[in-house]
Structures are given as C-alpha cells and as structure tokens.
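The whole structure should be built from the sequences, with the hints applied where relevant.
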Amino acid sequence: MKRLLPLVLIILTLTACSNTESTPVRENTGTISTSPTVGDILEGAAEAESAPEKEPEPEISEPVENEPHPGVDIDLTAMNSVMVYSEVSRMMYEPDEFFGKTVCMAGQAASDYSADTGLTYHAVIIADATACCAQGIEYKLDEGAEYPSDGDEVTVIGVFSEYEENGFMYLRLDGAKLI
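Position 12 of the sequence shown, counted from 1, bears residue number 22 in the working numbering, the numbering being contiguous throughout.
Hints listed in this document are in silico derivations from the structure and should not be mistaken for laboratory results. Mixed in with the good hints, there may be bad ones.
Below are the DSS-like pairs computed for lysine-lysine, each with C-alpha atoms no more than 25 Å apart in a straight line [as the list claims (entries may be wrong)]:
1) 187 - 111
2) 150 - 187
3) 150 - 111
Computed beta-carbon distance windows for the label pairs [unchecked claim]:
4) 53 - 116: 53 to 59 Å
5) 175 - 103: 19 to 25 Å
6) 128 - 155: 45 to 51 Å
7) 177 - 112: 26 to 32 Å
8) 88 - 124: 17 to 23 Å
9) 91 - 53: 47 to 53 Å
10) 112 - 92: 18 to 24 Å
11) 139 - 175: 31 to 37 Å
12) 172 - 140: 16 to 22 Å
13) 103 - 53: 56 to 62 Å
14) 123 - 153: 16 to 22 Å
15) 187 - 161: 17 to 23 Å
16) 161 - 81: 25 to 31 Å
17) 88 - 126: 34 to 40 Å
From the three backbone atoms N, C-alpha and C, an ideal C-beta is built for every residue, glycine too.
So, in structure tokens, the structure goes:
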C-alpha cells in the first residue's frame with residue numbers, strides 16, 4: 011500500500027493537470043500566448059516514442075588545413091594548437107619515445123648566441139592555444155644553409171635526436187630542412 015500511494019498521487023496530479031486545450035499565459039511582452047499543458051507534453055512524448063527512430067546524421071569534419079607531409083613520422087603541422095603543444099611537451103619530458111623519428115613542425119624562428127660556445131642556436135617556438143606559454147625545439151640545418159630571421163614563421167622537418175655539450179644533454183632536430 012505504501013508503494014501505491016505515491017503512484018496514485020502522481021497519476022492524480024497528471025490527470026488533474028491534463029487538459030486537451032491549451033491554457034492562456036501572460037508573458038512579459040504584454041501579449042497572450044498559449045503554453046502546452048502536462049497532457050500535451052505527455053502526448054508528444056508518447057508520439058516520439060512510437061515514431062520510428064531516425065539514424066543520426068554523420069558529422070561532417072572540417073578539412074585539415076595542412077595535409078600531412080610524406081615520410082614524416084610526427085607531423086605537428088596537421089594537429090590543432092592544443093595537440094601540438096601537448097605533443098611538444100611529451101617530446102621534452104619523454105624524449106626516448108621520439109628519438110630517430112622524423113618530425114615536422116611549424117612556428118616562429120628564434121635564435122640565441124652563446125658566448126660560452128661561440129655558437130648560435132636556432133629553434134622553432136610553438137605557443138599553446140592561449141599564446142600564454144611557449145616551448146621550442148632546437149633545430150640544426152645542414153652546413154652552409156641559411157637560417158631564417160627571428161620572428162619569421164617557419165616549417166622545419168628533421169630527425170629528433172639528442173647531443174651532448176659541456177656535460178649536458180640537449181634535444182634538437184638534426185639534418186633539418188626548411189620547407
């Protein structure tokens with residue numbers, strides 16, 4: 011009996027509120043409109059349940075701006091900015107997974123001269139989606155190749171590797187080419 015009482019109350023509430031006609035309701039606009047009653051809503055739900063189910067329309071994906079480059083293992087140019095930043099972070103923190111792989115990346119060119127070594131180091135700087143944080147990967151072009159100016163937008167392809175200098179290990183793209 012205790013189980014039936016709530017059910018009976020719900021049924022009485024629904025039937026007392028159900029009405030085949032719509033009830034006028036005053037809105038803030040000063041006009042009178044009709045809003046559906048509980049009975050109208052239940053009727054619509056029953057019709058929807060009995061209607062044949064439509065197959066969902068396939069989602070149309072937007073075309074990728076840059077097609078992947080052939081012969082490249084990791085093409086950061088074909089990823090969105092969040093994925094690029096995440097992948098570069100992984101490359102920095104888990105480099106063993108990436109050694110020997112050919113990587114293609116795009117970003118801003120940057121360089122830094124070191125008085126200690128007498129060398130200029132070049133990197134591709136990649137900002138995250140909000141442009142608040144940036145990471146870079148050093149690259150080294152073949153001997154005699156001309157490096158871009160700082161701030162230029164560049165796309166670089168090279169082999170991810172590490173090298174030792176003054177007792178420290180560094181990561182870079184070796185044998186890099188600008189495309």
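Quick rundown of the hints versus the structure:
1. 187 - 111: With Cα atoms ~14 Å apart, residue 187 and residue 111 stay inside 25 Å; holds.
2. 150 - 187: Roughly 8 Å separates the two Cα atoms, so the pair holds.
3. 150 - 111: Holds, at roughly 15 Å.
4. 53 - 116: 53 to 59 Å: Between residue 53 and residue 116, where Cβ atoms are some 57 Å apart, the hint holds.
5. 175 - 103: 19 to 25 Å: holds (20 Å)
6. 128 - 155: 45 to 51 Å: Given range 45 to 51 Å: violated, Cβ gap about 19 Å.
7. 177 - 112: 26 to 32 Å: holds (28 Å)
8. 88 - 124: 17 to 23 Å: Because 33 Å falls outside the window, the suggested range is violated.
9. 91 - 53: 47 to 53 Å: holds (49 Å)
10. 112 - 92: 18 to 24 Å: The hinted range 18 to 24 Å holds for residue 112 and residue 92, with Cβ atoms some 23 Å apart.
11. 139 - 175: 31 to 37 Å: Because 32 Å falls inside the window, the suggested range holds.
12. 172 - 140: 16 to 22 Å: Since residue 172 and residue 140 have Cβ atoms about 30 Å apart, the given range 16 to 22 Å is violated.
13. 103 - 53: 56 to 62 Å: holds (59 Å)
14. 123 - 153: 16 to 22 Å: holds (18 Å)
15. 187 - 161: 17 to 23 Å: At 20 Å between Cβs, range holds.
16. 161 - 81: 25 to 31 Å: holds (29 Å)
17. 88 - 126: 34 to 40 Å: Holds: the Cβ-Cβ distance is about 37 Å, inside 34 to 40 Å.
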